[in-house]
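Student: Heads up: the sequence lines are chains D and Y, in that order. Last residue of the first sequence: 324 in this note's numbering, with the numbers rising by one and none dropped. Last residue of the second sequence: 324 in this note's numbering, with the numbers rising by one and none dropped.
If you're looking for bench data, these hints aren't it; they were derived computationally from the structure. Even for Gly, the Cβ is constructed at its ideal location relative to N, Cα and C. Hints are not guaranteed to be accurate.
To be verified - Between beta-carbon pairs, the in silico distance windows are: (1) D:G220 <-> Y:P210: 20 to 30 Å; (2) Y:G184 <-> D:E103: 32 to 42 Å; (3) D:G307 <-> Y:G177: 27 to 37 Å; (4) D:T146 <-> Y:P210: 31 to 41 Å; (5) D:E62 <-> Y:G184: 43 to 53 Å; (6) D:G177 <-> Y:N209: 51 to 61 Å; (7) Y:D27 <-> D:K186: 17 to 27 Å; (8) Y:T182 <-> D:P239: 56 to 66 Å; (9) D:T323 <-> Y:F280: 16 to 26 Å; (10) Y:I211 <-> D:G177: 19 to 29 Å; (11) Y:P110 <-> D:T323: 52 to 62 Å.
Unchecked claim - Once the Cα atoms are required to be at most 25 Å apart in a straight line, the calculated SDA-like pairs of lysine to any residue come out as: (12) Y:K296 <-> Y:E266; (13) Y:K296 <-> D:N185; (14) Y:K160 <-> D:D298; (15) D:K61 <-> D:E28; (16) D:K136 <-> Y:G164; (17) Y:K186 <-> D:E28; (18) Y:K296 <-> D:G177; (19) D:K41 <-> D:E54; (20) D:K137 <-> D:K41; (21) D:K136 <-> Y:K137; (22) D:K61 <-> D:D82.
Claimed, not checked - Okay, the calculated bits of chain Y under chain D, using three or more residues with CB under 8 Å as the criterion: (23) 24–38; (24) 137–146; (25) 171–183; (26) 248–254; (27) 260–272.
Protein chains: 2
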Amino acid sequence: MYQIGFDVGGTNLKVGVVSDEMEIIANRNVAFPKGETYEKIAERMAEQIMELAKEIKIPASEFKSIGIATAGSIDASGTMILHAHNLGFHDVPMVEEMHKHFPEIPVFLANDADTAALAELHAGAFRGKKTAVLFTLGTGVGGGIILGGKMFKGGLGHGNELGHMIIQQGGPICTCGNKGCIESLCTATWLIQQGRRVIVENPISLIFEMAEGEMNNVTAKIVIDSAKEGDPIALDIFHTFVDSLSSAITSVVVLLDPEVIALGGGVSLAGEFLFQPVREMVKQKSFFKFDHGVVPAQLGNHAGIIGAAMLARNETL
Amino acid sequence: MYQIGFDVGGTNLKVGVVSDEMEIIANRNVAFPKGETYEKIAERMAEQIMELAKEIKIPASEFKSIGIATAGSIDASGTMILHAHNLGFHDVPMVEEMHKHFPEIPVFLANDADTAALAELHAGAFRGKKTAVLFTLGTGVGGGIILGGKMFKGGLGHGNELGHMIIQQGGPICTCGNKGCIESLCTATWLIQQGRRVIVENPISLIFEMAEGEMNNVTAKIVIDSAKEGDPIALDIFHTFVDSLSSAITSVVVLLDPEVIALGGGVSLAGEFLFQPVREMVKQKSFFKFDHGVVPAQLGNHAGIIGAAMLARNETL
Chain D
8 MYQIGFDVGG TNLKVGVVSD EMEIIANRNV AFPKGETYEK IAERMAEQIM ELAKEIKIPA
68 SEFKSIGIAT AGSIDASGTM ILHAHNLGFH DVPMVEEMHK HFPEIPVFLA NDADTAALAE
128 LHAGAFRGKK TAVLFTLGTG VGGGIILGGK MFKGGLGHGN ELGHMIIQQG GPICTCGNKG
188 CIESLCTATW LIQQGRRVIV ENPISLIFEM AEGEMNNVTA KIVIDSAKEG DPIALDIFHT
248 FVDSLSSAIT SVVVLLDPEV IALGGGVSLA GEFLFQPVRE MVKQKSFFKF DHGVVPAQLG
308 NHAGIIGAAM LARNETL
Chain Y
8 MYQIGFDVGG TNLKVGVVSD EMEIIANRNV AFPKGETYEK IAERMAEQIM ELAKEIKIPA
68 SEFKSIGIAT AGSIDASGTM ILHAHNLGFH DVPMVEEMHK HFPEIPVFLA NDADTAALAE
128 LHAGAFRGKK TAVLFTLGTG VGGGIILGGK MFKGGLGHGN ELGHMIIQQG GPICTCGNKG
188 CIESLCTATW LIQQGRRVIV ENPISLIFEM AEGEMNNVTA KIVIDSAKEG DPIALDIFHT
248 FVDSLSSAIT SVVVLLDPEV IALGGGVSLA GEFLFQPVRE MVKQKSFFKF DHGVVPAQLG
308 NHAGIIGAAM LARNETL
């Protein structure tokens, strides 16, 4: 049996045919048609399904479900995209719209961080687990939660906004307007800000050299790589980052006592240089004095497609 | 049908016969026999069951279950009390020990904060809810979580240590040794510390008057009552408390999107003077911009007995 999974982001619109063994049989990746109406976008998505059916030589009616992972927030009924600023979507009845094209196929919709956790459950770091939490560390911080062996959609159906847990009251201003949220401290954005500060204030650092003295050249990778090379200023920044991230993970650990925590997103590519000190600090900060397991997310770029394709299965579990 | 519920605390050992309608038909409240061996204590508990059976004139064999709510931490199998410092219990096989006295009756064991949430689910503020969180604000901060309409025991069976979520990195030192945990900022203990500081530093306050200038007379109630009377210094302390508590609740709200949050414990007796500003600040700090419902816990002193008696039902749900 085959399921369709869409991963709808501000840059790319990805879609794949996923087998019951969680393999991507065929896929497409096109630029997100920004500025188009949602009706037009749904039409384009429907066309992609038809193309994929043709490619693998089965009628589209044989797809068992269509799952859509999207940036932004979903309504409690799981049928509307309430707000996805990157996509220009507001109150978009995406499930209904897709049904117009495929009235016989069940359509599911979910936030992309939630589906990423679902993908890890079926095909990655959360296989066989009942309670697990995914942090995606990128420009912002997203999160997906597995509870009772299923994707947790929030008690009231709003999903989670794990990035806006408060770990430093009165701390830096967050994108949400509050202070000291995880998202204000544990992102690539924070690392870049710190790196730029170094260039302005204190050029005697490898960060300055790697960024050629240009603020706009600073990336999270440059800051992390400078720390890896032993640059003291970069190490200082990196230690503060590890401190914040371990506080964030600790808060989730003492609340949910999860079997495993996975870290994904660009910053997680720092590898063991990041994971090893994070594990140590979480163990030190957590009331539960043992290792809850902080591991890399496994699915990377395909998490969206696979998670979306698994939404039907999540409903029937 | 009748269930037995025990509430085992460092001061009192309470027990009751609870009906299916969550009424306490008969109960006992004795001083906790501190210093006795656990075998002796279990024997005393068994005697109490026999007395209660006699009082309500049924054979003890008709009790359908025995539930034990205890301070401290429980092992993942739910049969051992790992540590309950107040009770002098370490690695106590309480379920096994109770079984020796009543081999035919199922025995259940859980942490008292968890059972308090269970009691609210069956007979209090959480009736009909699937996702709810209880904060007990006393000397420390305890927490109980309802997920999927059941008492959540933690992903690995360790329960939760909600009081040790971090809301202020680098903040005051907590009882657990870390800094800025909820328990370091949202307790009666914190209010008392602040009140004492006032007496030392700045006696022009109603707190000084009410405590008759004696540090040891300062209670959380005195600080709150002084704030209620409009004393500016007490109000300042109280506002900081509300700020911290709303950060703590916000962190739980954005993670779990609960239907309702209940506050219990001594500090919650401050009533709407506390609840009203907490609700406002949570709404302001939460990424979800609506009222998740912050309400008083309803069961007070009987939460332990009722929750313990409901443990059998929680298992079969």
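Student: Taking the hints in turn, state whether each one holds.
Tutor: Comparing the hints with the structure gives:
| no. | hint | in the structure |
| --- | --- | --- |
| 1 | D:G220 <-> Y:P210: 20 to 30 Å | violated (57 Å) |
| 2 | Y:G184 <-> D:E103: 32 to 42 Å | violated (54 Å) |
| 3 | D:G307 <-> Y:G177: 27 to 37 Å | holds (34 Å) |
| 4 | D:T146 <-> Y:P210: 31 to 41 Å | violated (52 Å) |
| 5 | D:E62 <-> Y:G184: 43 to 53 Å | violated (59 Å) |
| 6 | D:G177 <-> Y:N209: 51 to 61 Å | violated (23 Å) |
| 7 | Y:D27 <-> D:K186: 17 to 27 Å | violated (48 Å) |
| 8 | Y:T182 <-> D:P239: 56 to 66 Å | violated (35 Å) |
| 9 | D:T323 <-> Y:F280: 16 to 26 Å | violated (48 Å) |
| 10 | Y:I211 <-> D:G177: 19 to 29 Å | holds (27 Å) |
| 11 | Y:P110 <-> D:T323: 52 to 62 Å | violated (41 Å) |
| 12 | Y:K296 <-> Y:E266 | holds (14 Å) |
| 13 | Y:K296 <-> D:N185 | holds (12 Å) |
| 14 | Y:K160 <-> D:D298 | holds (18 Å) |
| 15 | D:K61 <-> D:E28 | holds (21 Å) |
| 16 | D:K136 <-> Y:G164 | holds (13 Å) |
| 17 | Y:K186 <-> D:E28 | violated (46 Å) |
| 18 | Y:K296 <-> D:G177 | holds (20 Å) |
| 19 | D:K41 <-> D:E54 | holds (17 Å) |
| 20 | D:K137 <-> D:K41 | violated (38 Å) |
| 21 | D:K136 <-> Y:K137 | holds (21 Å) |
| 22 | D:K61 <-> D:D82 | violated (33 Å) |
| 23 | 24–38 | violated (count 0) |
| 24 | 137–146 | holds (count 3) |
| 25 | 171–183 | holds (count 9) |
| 26 | 248–254 | holds (count 3) |
| 27 | 260–272 | holds (count 6) |
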